[in-house]
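Dock chain B against the given chain A, drawing on the hints supplied.
If you're matching them up, the sequences are chains A and B in order.
Residue numbers for the first sequence follow full-length UniProt numbering, so the first one is 1 and each next one is one higher.
Residue numbers for the second sequence follow full-length UniProt numbering, so the first one is 1 and each next one is one higher.
Just so you know, these hints were derived from the structure itself, not from any lab.
Heads up, the beta-carbon is just placed ideally off N, CA and C, and yes, glycines get one too.
There could be a bad hint or two in this list.
[As the list claims (entries may be wrong)] Dumping the calculated DSS-like pairs for lysine-lysine here, alpha-carbon to alpha-carbon at most 27 angstroms:
#1 K22/A <-> K160/A
#2 K19/B <-> K108/A
#3 K24/B <-> K27/A
#4 K22/A <-> K24/B
[Claimed, not checked] DEER-style ranges, computed between Cβ atoms:
#5 I25/B <-> G58/A: 15 to 25 angstroms
#6 I25/B <-> H137/A: 58 to 68 angstroms
#7 Q83/A <-> E17/B: 27 to 37 angstroms
#8 G170/A <-> K44/B: 57 to 67 angstroms
#9 N95/B <-> Q228/A: 50 to 60 angstroms
#10 T67/A <-> K44/B: 25 to 35 angstroms
#11 E17/B <-> F39/A: 31 to 41 angstroms
#12 K70/B <-> F39/A: 31 to 41 angstroms
#13 N28/B <-> L214/A: 17 to 27 angstroms
#14 D210/A <-> H38/B: 48 to 58 angstroms
#15 L214/A <-> K70/B: 46 to 56 angstroms
#16 Q105/B <-> Q83/A: 32 to 42 angstroms
#17 K44/B <-> H173/A: 46 to 56 angstroms
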Amino acid sequence: MDCIVLDDESVSREIVRFLCEKESDIKLLESFSSPIEAFKFLNQRSVDLIFLDIHMPGFSGFEFIQTLKSPPLIIITSSDIEQAAEVFDYESIIDFLRKPIQPEKFKKAVSKARKIMEVDRKPKDKRAPESDTSPQHLYINIDKKLIKLEARKISYIEAKGDYISIKGEGIDHKVHTTLSNIFQKLPKDVFFQVHRSFLINLNQIIDIQDNTILIDKSVIPISRAKRQALMEKLNLI
Amino acid sequence: MQPTFSYLDQLSGGNPEFKKRIIKIILNELPKDFDLYHYATELKNYHWAAEIVHRINQKIAFLQMAESLKLADKHENLLREGKTTYLNEFNEIVNKILKFLENSQE
Numbered sequence: 001m002d003c004i005v006l007d008d009e010s011v012s013r014e015i016v017r018f019l020c021e022k023e024s025d026i027k028l029l030e031s032f033s034s035p036i037e038a039f040k041f042l043n044q045r046s047v048d049l050i051f052l053d054i055h056m057p058g059f060s061g062f063e064f065i066q067t068l069k070s071p072p073l074i075i076i077t078s079s080d081i082e083q084a085a086e087v088f089d090y091e092s093i094i095d096f097l098r099k100p101i102q103p104e105k106f107k108k109a110v111s112k113a114r115k116i117m118e119v120d121r122k123p124k125d126k127r128a129p130e131s132d133t134s135p136q137h138l139y140i141n142i143d144k145k146l147i148k149l150e151a152r153k154i155s156y157i158e159a160k161g162d163y164i165s166i167k168g169e170g171i172d173h174k175v176h177t178t179l180s181n182i183f184q185k186l187p188k189d190v191f192f193q194v195h196r197s198f199l200i201n202l203n204q205i206i207d208i209q210d211n212t213i214l215i216d217k218s219v220i221p222i223s224r225a226k227r228q229a230l231m232e233k234l235n236l237i
Numbered sequence: 001m002q003p004t005f006s007y008l009d010q011l012s013g014g015n016p017e018f019k020k021r022i023i024k025i026i027l028n029e030l031p032k033d034f035d036l037y038h039y040a041t042e043l044k045n046y047h048w049a050a051e052i053v054h055r056i057n058q059k060i061a062f063l064q065m066a067e068s069l070k071l072a073d074k075h076e077n078l079l080r081e082g083k084t085t086y087l088n089e090f091n092e093i094v095n096k097i098l099k100f101l102e103n104s105q106e
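Bound-form chain A, shown alone (with noise of 0.2 angstroms):
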């Protein structure tokens, strides 16, 4: 697992530091005392998993979550307990560490990560594929109108937070409910989940360079989960 870990309070990014040399693979790329600098870095590359203090000076680690377009998994590092409630709030926390960071409790939450990017990387079902009924439409609930959507038109959906937000060809809209829920929805020959938030139609894909594909207008990350089984999907020369 690639991380980094962002932290005002270098004894903490050091006890980090030290906690992931002890996990054999957990690769710790950066270490960050300003929000600034680990966005700028997220911007250029993805990872898997970031170790997030709070309580900094101008910048709270929530905060800095809201500035990531598609956060990675997120243990939270922090000695202020009371804002532990919070963390239910971001699908991406998946732990709470309180400070001074006890190692047990480290290897558990590096556990925890391990376990959903395992499940994230679990082969597909290599059976003969069975004859994909998904409905080529799906009605969604706005304002108390059921609105049809044709799925070919759909160029990919965004999970933000407890909502989706679905794009395409004249397609804008956010509805309250999940990703998995959609995507049961849809024809699974076309779309395809390239990140633990994005879905992708395939037939929509202009380019992918790297670890992002372009779909209409817009970048979408690809997970390095996700990049293999993406590729088996797509008819490469």
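Chain B in isolation, oriented as in the chain A frame:
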């Protein structure tokens, strides 16, 4: 309450280099933070002082001073309200830590 290295000892698992590195960082940063804290309180910029106390409190936590940490947390919260009730007590805590760390280097 006396500071101890029990947390760092447990964490380092017999790695003296790591423990030394952490002590070195604290010894390097704590006096600077403490000076800055005094400057902020002299300016009566208590919000700033509280931010510095928050940073110092994490160092107090590493040295397993539970009671001192409670008082320092109170001090941080009161400073945010512009109250300086625990100025002297907080100074005593930090001075005690600095002395402890300096002695550990001898």
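Evaluation of the provided hints:
Of the supplied pair hints, the one linking K22/A and K160/A is violated, its CA atoms being roughly 34 angstroms apart against a limit of 27 angstroms. Simply put, K19/B and K108/A have alpha-carbon atoms about 23 angstroms apart, close enough for the 27 angstroms limit, and the pair holds. With a C-alpha separation of about 25 angstroms, the suggested pairing of K24/B with K27/A holds against the 27 angstroms cut-off. Distance check on the hinted pair: K22/A and K24/B sit about 21 angstroms apart at the alpha-carbon level, within 27 angstroms; holds.
A hinted range of 15 to 25 angstroms holds for the C-beta pair I25/B and G58/A, which are about 22 angstroms apart. Between I25/B and H137/A the Cβ separation comes to about 60 angstroms, which falls inside the hinted range of 58 to 68 angstroms. Checked against the hint of 27 to 37 angstroms, the pair Q83/A and E17/B passes, with Cβ atoms roughly 33 angstroms apart. Our hint of 57 to 67 angstroms for G170/A and K44/B holds, since their Cβ atoms are close to 59 angstroms apart.
One distance hint, 50 to 60 angstroms for the beta-carbon pair N95/B and Q228/A, holds here, with the actual separation near 58 angstroms. The hint said 25 to 35 angstroms for the Cβ distance between T67/A and K44/B, and at roughly 33 angstroms that hint holds. For E17/B paired with F39/A, a C-beta distance near 32 angstroms keeps the hint of 31 to 41 angstroms intact. Range check, K70/B to F39/A: Cβ separation about 35 angstroms, and the 31 to 41 angstroms hint holds.
Distance hint for N28/B and L214/A: a CB-CB separation of about 47 angstroms, inconsistent with the stated range 17 to 27 angstroms. For D210/A and H38/B, the hinted distance range of 48 to 58 angstroms is satisfied, since their beta carbons lie about 50 angstroms from each other. Distance hint check: the CB atoms of L214/A and K70/B are about 54 angstroms apart, consistent with the given range 46 to 56 angstroms. Here the CB-CB span from Q105/B to Q83/A is close to 35 angstroms, well matched to the stated 32 to 42 angstroms.
The supplied range of 46 to 56 angstroms is met by K44/B and H173/A, whose beta-carbon atoms lie about 52 angstroms from each other.
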